[in-house]
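Start from the sequences and build out the full structure, keeping to the hints where you can.
Protein chains: 2
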Amino acid sequence: MNIEIINIGDELLLGQVVNTNATFMSKELINYGFNVSHIVAIADDKKEIEDALLLSLKRSDGVIITGGLGPTKDDITKETLARVLNIPLVEDVETLQMVRDYFNKRGLPLTDTNRQQALLPKDCIVIKNNYGTAAGMCISTSEKKLIISLPGVPFEMKAMFPEVISLLKTHYKTGIILQKTLLIAGIGESFLSDMIADFEDNLPQEIKLAYLPNAGTIRLRLTAKGNDEQELKDTFESNLALLLEKVKDYFIGFEQNISAILFKHFTDNNQTLATAESCTGGNIAHLITLNTGASSIYKGGIVAYSNEVKERVLNVKTNTLKHFGAVSEQVVIEMVQGVCKLLHTDYAIATTGIAGPTGGSEEKPVGTIWIAVCDKAGNTKTKKCFIPTTRDNFIERASNEAILLLLSFLHYKL
Amino acid sequence: MNIEIINIGDELLLGQVVNTNATFMSKELINYGFNVSHIVAIADDKKEIEDALLLSLKRSDGVIITGGLGPTKDDITKETLARVLNIPLVEDVETLQMVRDYFNKRGLPLTDTNRQQALLPKDCIVIKNNYGTAAGMCISTSEKKLIISLPGVPFEMKAMFPEVISLLKTHYKTGIILQKTLLIAGIGESFLSDMIADFEDNLPQEIKLAYLPNAGTIRLRLTAKGNDEQELKDTFESNLALLLEKVKDYFIGFEQNISAILFKHFTDNNQTLATAESCTGGNIAHLITLNTGASSIYKGGIVAYSNEVKERVLNVKTNTLKHFGAVSEQVVIEMVQGVCKLLHTDYAIATTGIAGPTGGSEEKPVGTIWIAVCDKAGNTKTKKCFIPTTRDNFIERASNEAILLLLSFLHYKL
Numbered sequence: 072m073n074i075e076i077i078n079i080g081d082e083l084l085l086g087q088v089v090n091t092n093a094t095f096m097s098k099e100l101i102n103y104g105f106n107v108s109h110i111v112a113i114a115d116d117k118k119e120i121e122d123a124l125l126l127s128l129k130r131s132d133g134v135i136i137t138g139g140l141g142p143t144k145d146d147i148t149k150e151t152l153a154r155v156l157n158i159p160l161v162e163d164v165e166t167l168q169m170v171r172d173y174f175n176k177r178g179l180p181l182t183d184t185n186r187q188q189a190l191l192p193k194d195c196i197v198i199k200n201n202y203g204t205a206a207g208m209c210i211s212t213s214e215k216k217l218i219i220s221l222p223g224v225p226f227e228m229k230a231m232f233p234e235v236i237s238l239l240k241t242h243y244k245t246g247i248i249l250q251k252t253l254l255i256a257g258i259g260e261s262f263l264s265d266m267i268a269d270f271e272d273n274l275p276q277e278i279k280l281a282y283l284p285n286a287g288t289i290r291l292r293l294t295a296k297g298n299d300e301q302e303l304k305d306t307f308e309s310n311l312a313l314l315l316e317k318v319k320d321y322f323i324g325f326e327q328n329i330s331a332i333l334f335k336h337f338t339d340n341n342q343t344l345a346t347a348e349s350c351t352g353g354n355i356a357h358l359i360t361l362n363t364g365a366s367s368i369y370k371g372g373i374v375a376y377s378n379e380v381k382e383r384v385l386n387v388k389t390n391t392l393k394h395f396g397a398v399s400e401q402v403v404i405e406m407v408q409g410v411c412k413l414l415h416t417d418y419a420i421a422t423t424g425i426a427g428p429t430g431g432s433e434e435k436p437v438g439t440i441w442i443a444v445c446d447k448a449g450n451t452k453t454k455k456c457f458i459p460t461t462r463d464n465f466i467e468r469a470s471n472e473a474i475l476l477l478l479s480f481l482h483y484k485l
Numbered sequence: 072m073n074i075e076i077i078n079i080g081d082e083l084l085l086g087q088v089v090n091t092n093a094t095f096m097s098k099e100l101i102n103y104g105f106n107v108s109h110i111v112a113i114a115d116d117k118k119e120i121e122d123a124l125l126l127s128l129k130r131s132d133g134v135i136i137t138g139g140l141g142p143t144k145d146d147i148t149k150e151t152l153a154r155v156l157n158i159p160l161v162e163d164v165e166t167l168q169m170v171r172d173y174f175n176k177r178g179l180p181l182t183d184t185n186r187q188q189a190l191l192p193k194d195c196i197v198i199k200n201n202y203g204t205a206a207g208m209c210i211s212t213s214e215k216k217l218i219i220s221l222p223g224v225p226f227e228m229k230a231m232f233p234e235v236i237s238l239l240k241t242h243y244k245t246g247i248i249l250q251k252t253l254l255i256a257g258i259g260e261s262f263l264s265d266m267i268a269d270f271e272d273n274l275p276q277e278i279k280l281a282y283l284p285n286a287g288t289i290r291l292r293l294t295a296k297g298n299d300e301q302e303l304k305d306t307f308e309s310n311l312a313l314l315l316e317k318v319k320d321y322f323i324g325f326e327q328n329i330s331a332i333l334f335k336h337f338t339d340n341n342q343t344l345a346t347a348e349s350c351t352g353g354n355i356a357h358l359i360t361l362n363t364g365a366s367s368i369y370k371g372g373i374v375a376y377s378n379e380v381k382e383r384v385l386n387v388k389t390n391t392l393k394h395f396g397a398v399s400e401q402v403v404i405e406m407v408q409g410v411c412k413l414l415h416t417d418y419a420i421a422t423t424g425i426a427g428p429t430g431g432s433e434e435k436p437v438g439t440i441w442i443a444v445c446d447k448a449g450n451t452k453t454k455k456c457f458i459p460t461t462r463d464n465f466i467e468r469a470s471n472e473a474i475l476l477l478l479s480f481l482h483y484k485l
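Top to bottom, those sequences are chains A and B. In terms of my numbering, the first sequence is residues 72 to 485. In terms of my numbering, the second sequence is residues 72 to 485.
Everything labelled a hint here was simulated from the structure, so no lab data went into it. Honestly, I wouldn't trust all of these hints.
Pairs involving identical chains hold if they fit within one copy or between any two copies, as the list cannot separate such chains.
As a list, the in silico DMTMM-like pairs of lysine to aspartate or glutamate whose alpha-carbon atoms are at most 20 angstroms apart [stated by the list, open to error]:
1. Lys279 <-> Asp145
2. Lys296 <-> Glu119
3. Lys144 <-> Asp265
4. Lys296 <-> Asp116
In structure tokens, the structure reads:
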């Protein structure tokens with residue numbers, strides 16, 4: 072069952088907004104056995120919307136549209152849909168009441184502009200929006216293809232998506248999809264590919280393997296599609312076992328990212344963690360605390376951006392800073408041991424480096440970073456990396472390197 | 072000049088990777104006067120690549136493709152391009168040398184798989200990849216449309232993009248684009264729209280206005296496209312002045328996001344900042360340190376995830392925690408004042424709340440957050456918000472609310 076996603080919004084084509092809506096929707100659709108065939112971003116333009124809609128109805132089994140449902144003049148999706156499908160817009164009583172309530176609650180008047188939010192294609196299924204004034208709508212075409220239109224505000228769209236899935240599941244009969252992602256570290260993509268070439272060559276047609284390299288790690292995704300659940304499961308499991316055997320020296324877990332693997336390790340072992348970050352500026356803390364339940368393993372951290380904080384909060388010695396400079400093995404060791412002691416945790420991570428684009432020197436160019444991990448007994452492991460890239464990419468990759476160093480420290484000791 | 076972007080990769084359709092490549096490319100293209108007409112994400116599939124390529128050549132003036140150039144079996148872009156355009160693949164001597172050097176430097180052998188990376192369409196313009204083994208290529212069709220193919224790894228693609236721009240600029244004659252984005256806070260989208268309805272109605276055809284709401288703020292983007300630079304500039308400037316006058320009560324700056332506005336304010340005023348984060352888990356620190364030169368204004372912060380850290384590092388009183396609970400106005404006040412004193416800064420921000428999905432109670436449900444800001448004299452401002460959403464969205468919006476509170480605190484005093 073091929074679903075096409077159309078994201079409407081000039082902001083997507085102007086590079087002002089990252090299309091996270093498409094990512095969220097795809098992930099959800101796949102989980103429920105739908106295939107996403109195309110993701111298309113187009114402008115707030117009548118002709119473009121019309122063309123994209125007609126093309127999607129030709130090549131796909133259904134289409135989900137986001138964006139262009141707001142109250143402002145650049146929001147033209149609803150009118151365009153109604154015109155293309157030749158359905159009049161009528162005021163929906165229940166939606167009008169929701170819009171009225173929305174403004175009432177906020178002590179604001181119901182303006183004419185806002186009242187128009189209750190105009191919806193006649194006889195469509197209304198998808199309620201509990202967080203905004205733009206209702207979603209679901210229309211079935213004469214060829215029994217569903218067209219679903221949702222607001223583009225991620226938070227509102229996400230809250231409405233369970234109903235979208237339920238509408239799709241009622242309307243279409245879906246196949247079965249099995250999927251597993253293996254996180255791999257410590258080997259380059261081409262060498263991994265050579266290592267498992269035999270395995271890939273012998274994969275049955277219903278199973279696909281994909282490589283997703285990301286900042287020092289590779290996600291290997293095995294996907295199976297079919298109709299007979301038991302048969303598919305058997306084939307999938309046996310191939311998964313084969314793959315796991317092949318990559319066992321580099322396999323670090325089934326989670327989607329290394330922060331989730333780290334979180335799981337700490338949770339399983341009932342251990343606690345602290346961070347001391349200079350150049351990664353709180354991003355390691357952020358990655359760890361994105362995990363639900365992080366408070367059970369993560370006590371906290373120090374973002375030690377200035378030397379003053381390194382000294383006063385983390386007890387890095389003035390002499391060490393003076394002698395070796397802030398970006399040095401000596402300083403990162405004092406940082407990691409300092410935070411581990413300060414926050415009374417079982418383990419700690421620390422980083423210090425030059426994210427750039429300014430601040431580099433000949434001896435320590437932009438992209439230089441020292442990372443360290445330690446346990447409460449004082450056992451410490453350090454690593455120097457050189458990541459000459461953009462500031463945001465440096466922060467991302469440096470954070471990953473630090474988490475990987477802790478994982479290798481833990482595995483070494485396991 | 073309409074350029075179409077085609078991003079190839081199963082991972083995009085499976086929702087495993089956010090398409091940040093398209094955002095980066097669009098932003099760059101717009102800056103150089105190109106219009107991005109479509110962004111299309113498709114699977115690593117011969118037929119899909121072929122269809123997308125042919126469609127884009129029909130409706131656009133040029134196409135940039137990312138992905139599918141790696142050494143593994145799921146990388147089929149190059150072969151598909153060569154077949155569709157009927158051009159043979161030949162070994163490129165210079166690329167082969169670069170691939171060889173790449174592995175030499177790493178002490179790794181040049182395998183057959185990697186050697187294939189040097190096979191490129193005959194007579195194409197090679198775009199060097201200094202960070203990986205997949206070269207880019209640029210082909211001009213018989214209709215003088217450019218097809219540019221780049222690797223999908225963001226870091227590699229970005230480094231190659233200046234040459235892409237230079238190739239495009241040599242090949243096409245572009246129009247002029249002027250653009251300005253106004254960051255607006257403190258007013259809802261529909262009320263803003265009503266407020267500037269006259270302005271919008273009277274906009275000349277060459278100027279467009281777009282609304283981009285994001286977590287408590289709205290970006291208003293004014294774009295002008297034309298050919299006569301001076302004429303376009305005059306029209307654009309006069310309309311921009313009109314718009315600024317209309318929204319002056321809610322206008323907070325021209326930067327792309329509030330963290331950049333905060334950073335600019337602190338830099339301009341030579342002031343320093345500290346953060347104390349519980350539920351936002353380091354994300355505010357991360358947002359601030361994404362700004363180049365952050366170290367001149369940001370001394371550091373405490374991620375006080377556990378009560379123990381709140382007490383021992385930030386000097387929050389045990390009694391306050393016991394009496395009011397960690398998520399309370401009293402605690403957030405002690406946190407913000409604690410960190411401001413500890414790190415000797417001019418200002419500080421603090422957050423404490425329940426990101427969820429677990430940890431809520433009837434009295435303090437998931438989504439509850441207290442934020443506070445203060446200056447070194449002890450003047451403090453607090454705010455309670457309720458943001459019932461997903462964990463990652465909560466963190467994003469709560470961080471924005473905290474930065475907005477500090478901005479309002481600063482404006483109040485200016």
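Right, here's what the structure says about each hint:
For the identical chains of this complex, Lys279 and Asp145 are inter-copy neighbours only, at 9 angstroms across copies versus 42 angstroms inside a copy, given an alpha-carbon limit of 20 angstroms. In the homo-oligomer, the alpha carbons of Lys296 and Glu119 lie at most 20 angstroms apart only across protomers (18 angstroms), although the nearest pairing inside one protomer, at 33 angstroms, exceeds that limit. With identical chains, the CA atoms of Lys144 and Asp265 are at most 20 angstroms apart between copies only, with a shortest distance of 10 angstroms across copies and 55 angstroms within one. For a Cα distance limit of 20 angstroms, the shortest separation of Lys296 from Asp116 across copies, 15 angstroms, qualifies, whereas the shortest one inside one copy, 37 angstroms, does not.
Checked against the numbered hints listed earlier, the structure breaks none of them; every hint is satisfied.
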